[in-house]
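Colleague: Sequence:
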Amino acid sequence: MVTHIPLLRTLTGIAAIFLYAGHSRAQAQAQAPAHVHSSLEVIDVGTGKRTVVYSEATLLESPNWSKDGRYLLFNKKGRLYRYWLNDRVTDELPFDSTLQANNDHGFSPDGSQLAVSSGANGSHVFTAPAEGGPLQQLTRQSPSYWHSWSPDGSTLAFVGLRNGDFDIYTVPAGGGPEKRLTREKGLDDGPDYAPDGQHIYFNSYRTGRMQIWRMKADGSDPEQLTDDRYANWFPHPSPNGKLVVFLSFMDDQQQEHPFGKNVQLRLLDIVSQTVRDLTPVFFGGQGTINVPSWSPDGRRLAFVSYRIP
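When you line the sequence shown up against full-length UniProt numbering, it's residues 1 to 309, in that order.
These are computed hints drawn from the structure, not numbers from a lab.
Treat the hints loosely; a few may be bogus.
Computed list of lysine-lysine pairs in DSBU-like fashion (alpha-carbon distance at most 30 angstroms, straight line) [claimed, not checked]: (1) K216 with K242; (2) K242 with K179; (3) K77 with K67; (4) K242 with K49; (5) K216 with K179; (6) K216 with K67; (7) K242 with K67; (8) K179 with K67; (9) K49 with K76; (10) K49 with K67; (11) K185 with K216.
All values derive from a computational prediction rather than experimental measurement.
With the hints as extra help, turn the sequences into a complete structure.
Modeller: Here it is as structure tokens:
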């Protein structure tokens, strides 16, 4: 059964081609020009004030806020780095040379572990200590791209290409068989658990336009949450579950989320079923906000914007 929530009211008005190019995460570095400039930004959700906390003349992607709020985790050139907010310094997490991280990574609910998608010839989902260390492979088939950890820490949600279609799957955090949650034709992506663990938010092209959906954690009762002219990707619920931030491409990108496009961050209010713009249009896309990036207190978000000097 599919439930369609009524049309949400909006409050304020290059790359190689791959099969389902939206999942060319391993090629993100190739998509971006060599002279790209990245700004790691923090935005206050209440006021809309944006602050550039760190910038670098290379491709930075997908910040996660640490569970203690002290640093932002991001990826650069296949490695994982921390930006320490008070000290304003960066350091690289100590992983061996086998790590080739793309922009899908994040923390376990207790902050003790990381999930990361890695692989040069086909991405797999791994877990590792949050301070760096040995990688434990969880997925048996590739490509697989991590997106979320269940609030109780037992399960990871990811996107996998199986039988010619990208769908949403789960796998036990300690290892085990994967479970398929979506079966509709068209790309399903970006699964992120609600804080109470009852639902998974995701984006789907099943209607012919990329929109935000949610389903129960077992994959049942999918419901469409947005229905507008934008291409909407990567929904991330706030820590209190009342808001969902997502990335909107101003133009239809089919089943892709490429680098270097005009985008906005937008907020969905779950109670009122309204959407508002969080940012003006900026230069971003792939790598801006692929993974959960709310601050622990739910007052701020981290994301990456880009410019070509």
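Colleague: Hint by hint, note whether the structure agrees.
Modeller: Outcome of the hint check:
1. As the CA atoms of K216 and K242 are separated by approximately 16 angstroms, the hinted pair is consistent with the 30 angstroms bound.
2. Our distance criterion of 30 angstroms between C-alpha atoms is met by K242 and K179, whose separation comes to about 28 angstroms.
3. Note on K77 and K67: the hinted pairing holds, with a Cα-Cα distance of about 24 angstroms set against a maximum of 30 angstroms.
4. With a C-alpha separation of about 20 angstroms, the suggested pair K242 and K49 falls inside the 30 angstroms cut-off, and the hint holds.
5. For the hint linking K216 to K179, the alpha-carbon distance of about 14 angstroms falls within 30 angstroms, and the restraint holds.
6. Taking the CA atoms of K216 and K67, the gap is about 25 angstroms. The hint holds against a cut of 30 angstroms.
7. With a C-alpha separation of about 19 angstroms, the suggested pair K242 and K67 falls inside the 30 angstroms cut-off, and the hint holds.
8. Distance restraint check for K179 and K67: the Cα-Cα separation of roughly 28 angstroms lies within the 30 angstroms cut-off, and the hinted pair is therefore satisfied.
9. With a CA separation close to 26 angstroms, the supplied pair K49 and K76 stays within the 30 angstroms bound.
10. For the given pair, K49 sits about 22 angstroms from K67 by alpha-carbon distance, which is consistent with the 30 angstroms threshold.
11. Restraint check for K185 and K216: satisfied, since their Cα atoms lie roughly 19 angstroms apart, inside the 30 angstroms limit.
Checked against the numbered hints above, the structure breaks none of them.
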